[in-house]
Amino acid sequence: MPDTSDVLFKTLADPTRRAIFERLCRHGEQTVGALTAQSGVSQPAVSKHLGVLKQAGLVRDRHEGRLTHYSARAGALSPLIDWTRQMAGFWENRFDALEDLLKRMDQ
Amino acid sequence: MSPAATETRSVVVERDIPHPPEKIWRALTQPHLMAEWLMKTDFAPVKGHGFSFRADWGAVDCRVLAVEPNKSLSYTWDAMGLESIVTWTLTPKGSGTLLRMEQAGFRSDQQQAFQGAQYGWQKFFGNLEQVLARPD
Chain A
18 MPDTSDVLFK TLADPTRRAI FERLCRHGEQ TVGALTAQSG VSQPAVSKHL GVLKQAGLVR
78 DRHEGRLTHY SARAGALSPL IDWTRQMAGF WENRFDALED LLKRMDQ
Chain B
27 MSPAATETRS VVVERDIPHP PEKIWRALTQ PHLMAEWLMK TDFAPVKGHG FSFRADWGAV
87 DCRVLAVEPN KSLSYTWDAM GLESIVTWTL TPKGSGTLLR MEQAGFRSDQ QQAFQGAQYG
147 WQKFFGNLEQ VLARPD
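Taken in sequence, the protein lines are chains A and B.
To convert, note that position 66 of the first sequence is 83 in the working numbering; the numbers rise steadily by one, no gaps.
To convert, note that position 128 of the second sequence is 154 in the working numbering; the numbers rise steadily by one, no gaps.
It should be emphasised that the hints constitute simulated quantities derived from the structure, not laboratory data.
Idealized CB from N, CA, C, for every residue including glycine.
Warning: the hint list may mix true and false statements.
[To be verified] Covered stretches of chain A (in silico footprint by chain B; criterion: 3 or more residues with CB under 8 Å from a CB of chain B, positions within the stretch not fixed):
1) 73-79
2) 113-123
[Claimed, not checked] Pairs of lysine-lysine, DSSO-like flavour, derived with a Cα cap of 27 Å:
3) A/Lys71 x A/Lys120
4) A/Lys65 x A/Lys27
5) B/Lys66 x B/Lys49
6) B/Lys119 x B/Lys49
7) A/Lys120 x B/Lys119
8) B/Lys97 x B/Lys119
9) B/Lys73 x A/Lys71
10) B/Lys73 x B/Lys49
11) B/Lys97 x B/Lys73
12) B/Lys49 x B/Lys97
13) A/Lys27 x B/Lys73
14) A/Lys120 x B/Lys49
[Stated by the list, open to error] Residues from chain B that face chain A, not an exhaustive set, calculated with beta carbons under 10 Å:
15) Val37
16) Val38
17) Arg41
18) Ile43
19) His45
20) Arg52
21) Leu54
22) Thr55
23) Pro57
24) Leu59
25) Phe77
26) Val90
27) Leu91
28) Val112
29) Leu125
30) Met127
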């Protein structure tokens with residue numbers, strides 16, 4: 018999991034790449050052409066970003082004739098969600114310790 | 027910058043505490059009390075005051091952003107590449123208090139912070155587990 022979240026962080030740090038990924042999350046499966054039309058960068062650049070996203074496990078591709086369709090992979094971001102949950106766990110523990118302290122304190 | 031580039035993640039913990047805000051405020055702001063439930067610190071409830079939390083595993087660098095006695099307190103929380111803001115809010119509720127902690131930050135356009143966070147928090151939690159596992 019550590020390596021997975023490191024890759025996810027790095028992959029989504031690029032704003033253009035993140036925008037492509039978000040578009041796939043919001044609008045479902047898209048072709049490279051459709052994504053290029055929305056992204057404001059060249060088709061080779063979009064293809065490169067999609068390659069990186071695919072390598073990180075964030076998107077999957079499906080070939081149909083000459084077209085390649087890309088879609089976001091459900092659950093790909095779960096390592097990041099787990100990380101946020103870890104943070105919440107830290108603070109829950111601190112809250113417990115705070116309550117213990119408050120019981121011991123004078124009014 | 028797209029809206030997503032400034033998106034923040036946050037962690038919120040909220041709890042009803044059967045003690046008045048004034049008492050909780052003391053635990054949140056007096057260093058000798060903070061050391062008992064959070065970490066050793068040279069905190070002072072003064073806007074702009076730079077301080078740190080220290081533990082065996084390292085330190086968290088902080089700066090006080092806002093202080094409203096018995097009501098709210100916020101400070102920056104920078105640890106191992108992770109930049110965030112911790113905000114405490116105390117709301118009277120019956121004879122007790124609704125205590126809310128929000129840690130916000132982790133901007134997704136901060137690649138370095140993200141990488142640091144990934145490394146740092148792993149270490150942080152690893153150390154925390156060791157600390158918690160230690161007999162009292």
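Inset, instruction - Could you work out which earlier hints the structure fails to respect and list their numbers in ascending sequence? - result: 1, 3, 9, 13, 22, 23, 25, 26 and 27
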